[in-house]
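> Take a look at the letters that make up each chain.
Number of protein chains: 2
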Amino acid sequence: MRESWVNYAERIGSDLHLELSAPGSKRAALIGALREAVRSGRLAPGTRLPPYRSLAADLSVARNTVADAYAELVAEGWLTARQGSGTHVAERARPLGPAVRPKAPAPHPRVRAPRHGPAIRHDLRQGTPDASAFPRTAWLASYRRAVQQAPNEVFGPGDPAGRPELRAALAGYLARARGVRTDPNRIVVCSGFAHALRLLFGGRGRGRGGNNHAGRQILRGPLAVEAYGLPFHRELLAAEGVRTVPLPLDEHGARVDRLARERAVLLTPAHQFPTGGPLHAERRAAVVDWARARGAVVLEDDYDGEFRYDRRPVGALQSLDPERVILIGSVSKSLSPAVRLGWMVLPERYVGGVLAAKGEREAWASVLDQLALADLIVSGAYDRHVRRMRQRYRGRRDRLVAALAERAPHVEVSGVAAGLHAVLRLPPDTERSVVRAAVRQGVGLDGLAEFRHPDSDMPAHEGLVVGYATPSEHAYGAALEALCGALAPGGTRVP
Amino acid sequence: MRESWVNYAERIGSDLHLELSAPGSKRAALIGALREAVRSGRLAPGTRLPPYRSLAADLSVARNTVADAYAELVAEGWLTARQGSGTHVAERARPLGPAVRPKAPAPHPRVRAPRHGPAIRHDLRQGTPDASAFPRTAWLASYRRAVQQAPNEVFGPGDPAGRPELRAALAGYLARARGVRTDPNRIVVCSGFAHALRLLFGGRGRGRGGNNHAGRQILRGPLAVEAYGLPFHRELLAAEGVRTVPLPLDEHGARVDRLARERAVLLTPAHQFPTGGPLHAERRAAVVDWARARGAVVLEDDYDGEFRYDRRPVGALQSLDPERVILIGSVSKSLSPAVRLGWMVLPERYVGGVLAAKGEREAWASVLDQLALADLIVSGAYDRHVRRMRQRYRGRRDRLVAALAERAPHVEVSGVAAGLHAVLRLPPDTERSVVRAAVRQGVGLDGLAEFRHPDSDMPAHEGLVVGYATPSEHAYGAALEALCGALAPGGTRVP
Numbered sequence: 092m093r094e095s096w097v098n099y100a101e102r103i104g105s106d107l108h109l110e111l112s113a114p115g116s117k118r119a120a121l122i123g124a125l126r127e128a129v130r131s132g133r134l135a136p137g138t139r140l141p142p143y144r145s146l147a148a149d150l151s152v153a154r155n156t157v158a159d160a161y162a163e164l165v166a167e168g169w170l171t172a173r174q175g176s177g178t179h180v181a182e183r184a185r186p187l188g189p190a191v192r193p194k195a196p197a198p199h200p201r202v203r204a205p206r207h208g209p210a211i212r213h214d215l216r217q218g219t220p221d222a223s224a225f226p227r228t229a230w231l232a233s234y235r236r237a238v239q240q241a242p243n244e245v246f247g248p249g250d251p252a253g254r255p256e257l258r259a260a261l262a263g264y265l266a267r268a269r270g271v272r273t274d275p276n277r278i279v280v281c282s283g284f285a286h287a288l289r290l291l292f293g294g295r296g297r298g299r300g301g302n303n304h305a306g307r308q309i310l311r312g313p314l315a316v317e318a319y320g321l322p323f324h325r326e327l328l329a330a331e332g333v334r335t336v337p338l339p340l341d342e343h344g345a346r347v348d349r350l351a352r353e354r355a356v357l358l359t360p361a362h363q364f365p366t367g368g369p370l371h372a373e374r375r376a377a378v379v380d381w382a383r384a385r386g387a388v389v390l391e392d393d394y395d396g397e398f399r400y401d402r403r404p405v406g407a408l409q410s411l412d413p414e415r416v417i418l419i420g421s422v423s424k425s426l427s428p429a430v431r432l433g434w435m436v437l438p439e440r441y442v443g444g445v446l447a448a449k450g451e452r453e454a455w456a457s458v459l460d461q462l463a464l465a466d467l468i469v470s471g472a473y474d475r476h477v478r479r480m481r482q483r484y485r486g487r488r489d490r491l492v493a494a495l496a497e498r499a500p501h502v503e504v505s506g507v508a509a510g511l512h513a514v515l516r517l518p519p520d521t522e523r524s525v526v527r528a529a530v531r532q533g534v535g536l537d538g539l540a541e542f543r544h545p546d547s548d549m550p551a552h553e554g555l556v557v558g559y560a561t562p563s564e565h566a567y568g569a570a571l572e573a574l575c576g577a578l579a580p581g582g583t584r585v586p
Numbered sequence: 092m093r094e095s096w097v098n099y100a101e102r103i104g105s106d107l108h109l110e111l112s113a114p115g116s117k118r119a120a121l122i123g124a125l126r127e128a129v130r131s132g133r134l135a136p137g138t139r140l141p142p143y144r145s146l147a148a149d150l151s152v153a154r155n156t157v158a159d160a161y162a163e164l165v166a167e168g169w170l171t172a173r174q175g176s177g178t179h180v181a182e183r184a185r186p187l188g189p190a191v192r193p194k195a196p197a198p199h200p201r202v203r204a205p206r207h208g209p210a211i212r213h214d215l216r217q218g219t220p221d222a223s224a225f226p227r228t229a230w231l232a233s234y235r236r237a238v239q240q241a242p243n244e245v246f247g248p249g250d251p252a253g254r255p256e257l258r259a260a261l262a263g264y265l266a267r268a269r270g271v272r273t274d275p276n277r278i279v280v281c282s283g284f285a286h287a288l289r290l291l292f293g294g295r296g297r298g299r300g301g302n303n304h305a306g307r308q309i310l311r312g313p314l315a316v317e318a319y320g321l322p323f324h325r326e327l328l329a330a331e332g333v334r335t336v337p338l339p340l341d342e343h344g345a346r347v348d349r350l351a352r353e354r355a356v357l358l359t360p361a362h363q364f365p366t367g368g369p370l371h372a373e374r375r376a377a378v379v380d381w382a383r384a385r386g387a388v389v390l391e392d393d394y395d396g397e398f399r400y401d402r403r404p405v406g407a408l409q410s411l412d413p414e415r416v417i418l419i420g421s422v423s424k425s426l427s428p429a430v431r432l433g434w435m436v437l438p439e440r441y442v443g444g445v446l447a448a449k450g451e452r453e454a455w456a457s458v459l460d461q462l463a464l465a466d467l468i469v470s471g472a473y474d475r476h477v478r479r480m481r482q483r484y485r486g487r488r489d490r491l492v493a494a495l496a497e498r499a500p501h502v503e504v505s506g507v508a509a510g511l512h513a514v515l516r517l518p519p520d521t522e523r524s525v526v527r528a529a530v531r532q533g534v535g536l537d538g539l540a541e542f543r544h545p546d547s548d549m550p551a552h553e554g555l556v557v558g559y560a561t562p563s564e565h566a567y568g569a570a571l572e573a574l575c576g577a578l579a580p581g582g583t584r585v586p
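Going line by line, the protein sequences match chains A and B. As numbered in the numbering used here, the first sequence has no gaps in its residue numbers, which increase by one up to the final residue, 586. As numbered in the numbering used here, the second sequence has no gaps in its residue numbers, which increase by one up to the final residue, 586.
Simulated from the structure, these hints should not be mistaken for laboratory data. Some clues are possibly wrong.
Here's a subset of chain A near chain B, in silico, CB distances under 10 Å, partners left out [what the hints assert, rightly or not]:
1) Ala135
2) Asp159
3) Ala162
4) Ser410
5) Ala454
6) Asp460
7) Gln461
8) Asp548
9) Ser563
Don't be surprised by glycine CBs; every beta carbon is placed ideally from N, CA and C.
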């Protein structure tokens, strides 16, 4: 009877729960209870059992009784004893009761699973920095300093705005690196770009049940977006009930002259994602004028603003009008998506609403990681890392351009003045077959079609989006080789 | 003209943006540009300037030019130079341009602000562990090991289920400490209880824009809840459009016999929050039977299951039927709310939906913190910390009970077999005045009325919810003293 363990359980050392309801000697009862706990999975494989002494004390039995019980179960194969490391539950397939055993195992959807079939040997998908380049030593040094020096209140409930140390560090960093005009009180920390979108557009609650959160939604649709962009963002907005309206793109970026009755526009002004150019200066001014005239707001997705390889940095659009532009950034490209930290630089009128949407306390962004990032920025290590990575990615871009010039001269490369990806333009009606050829070469990448807004009526661009930051340094040469193989006239051959 | 800096800016070392458009010598141009950057706030107070050498190289000017410019600005008070630590922007009030300066400063809502007016000198509000007891050394050791030993892929995009190391560690820990029956594939990591609720009940999107996320909502209302519970949870659910229906409470816990057509019920079976008792064994069985019969689901909020001070541990309700109960837990009480990690132990049929709701990649929980927590658990340090804190909180509970017996014998203490808070029952129509008296003593705490579901028709309980874990060890005695002062017959006097 399943209920029984609740009634008969006794707590023993290390929070172990065992049934001691079996009749007979204490030794037999303990053996039976432990065996049952292992068999049912309540004691998982690899779990270390408490030392004889403490279990004996907890159960008020002789130490020898516990030692005998352990020895018996080791003999039976339920437990293993290793000299010097105690007694553990044996590593074996752990049977689950019939109510629990799945009919078929439910595999997790694989992260970055190949979308087109074969295994990816060369990962050139966009959106990820070189994971092998994470500055472990600098990060650990900042993290250690931050945790050691933190006042006790850090370990209590957190301010939903984020730690003041991080907001101050970001205000300084964004001002000097991105030309952003703000102060720490206009910055709200979040766990990344998607979280920022959810905070701004979520919460269409009906306000029942005595709460006063009705109308918590801060921005409303329809939202203009670029005709090419991340499908994930469009899907997230659709799930929040926000309609997105595509703006066509041309060689100067998004056609902001097409903006009409939308209430907001989401842009990637520094480096259009994924096609690659900066928004033209006249359009930067025009979109801010539009927002002022219509009482609308511009969302600036500053996803790779740190990585520019030309002489002319493009500062944040936000500086044109801090009351009309929300700048959103994160460390996902500059540091790692494993550190779940991002930020919103907000016009004053939205700060209160965003904080209310986050809740009374910080429920998302790790407070210790926030302090570590603040230390990393203030110590200068963040700048050094970004500079080092900029150099590395610039080198990769140059190698990509050179390799294509030699091996696939018919392919036009664009969008390479900045960022972690390039677009290889292709002739009409070839994208699909080239993507297939790449897949056969074991190259993971996406065609431009993946990023096109389904409602867009602008002429389709064809091309490949090549994320040249993703491979580790030693794997990049082989990835380039495979890519060129797929693009070469004979690239459709299976190698 | 605001647009100008985009056109004239030159990037200089350390990603500093400066306007070098001023006429005249390079030295004067640099001084003017730096002065303007500080004045406008683009260089924030405390920012360290690049070394002469690197700035000179970036700008193609002589090193002396930079040194002169810095010296001039130090003399003017814009910069400060400290021996051995370089040149920094002076710490002064930073003026913002008129477009940015707020008419009135927008203060952040204060975290845990006193709800009743005067300053809190003795914080006895529920919901927080002793922030001074965070195991900094053990956590840092686990974090360092985790980051040093992590394979590179850790720093790329994360699996939305959470790191396998953490899910395996949790499966083992929850089995032995809480009697939970699961395996790592049924566990999904999240950033805390509120995040779990949002993942389960959120996402009522209409599925426009070519996505297939429509119907992503995993559970639907109406949701039965306990008549006393956290208002924050009810508000969060209301914001997701979920109606909550209160279940009355009696001495055996929630009246689950009142469950009817609801599709789910949210319970705190180990230790009813806030009134304090465990759910009776018969009701544990009955609620699972109800869920089976109606195809419904039980949400088990295991918020303080680790902290029991009596001999009879109450195992997780989840073990009665892992296919009908979702167990939700976090480290917010056991470790710290600063570490934003929680978990859901799911019936198999919900795993896919929850992962889809989280998104293709981990967008929330810090992957490095996940690895650190896995190490903390596997190394045994987590158990040691929980045991240490259990002892400490048990001692505080005993001191609370003893102090009240002596100083306020008319007050009945309940709910103290477990958890981090006690309920002090009060005679009818006294709660409000006693809370006021406590506030006058500088004691922060809440009355039971704060937690009552507005739709509940059960008779109101009156009492105080006293969080005895919140103060640091050395502050606890004074907090008890002040509390007793407020409860004593003469407690309404201002001290």
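> Taking the hints in turn, state whether each one holds.
Now the hints, each set against the structure:
Annotation: interface hint on Ala135(A) holds; nearest CB of chain B at approximately 4 Å, less than 10 Å. Here the hint on Asp159(A) is broken, as its CB sits about 21 Å from the closest CB of chain B, past 10 Å. Checking Ala162(A) against chain B by beta carbon gives a least distance of about 20 Å; that is not within 10 Å, so the hint is violated. Checking Ser410(A) against chain B: minimum C-beta separation of about 7 Å stays under 10 Å; hint holds.
Because the closest C-beta pair between Ala454(A) and chain B is about 5 Å apart, less than 10 Å, the hint holds. For Asp460(A), the suggested interface contact is upheld, since its CB lies about 5 Å from the closest CB of chain B, less than 10 Å. For Gln461(A), the interface hint holds, the least distance from its beta-carbon to any beta-carbon of chain B being 9 Å, beneath 10 Å. Because the smallest distance between the Cβ of Asp548(A) and any Cβ of chain B comes to about 14 Å, over 10 Å, the interface hint for this residue is violated.
Interface restraint check for Ser563(A): the shortest CB-CB distance to chain B comes to about 7 Å, inside 10 Å, so the restraint holds.
Checked against the numbered hints above, the structure breaks hints 2, 3 and 8 and satisfies the rest.
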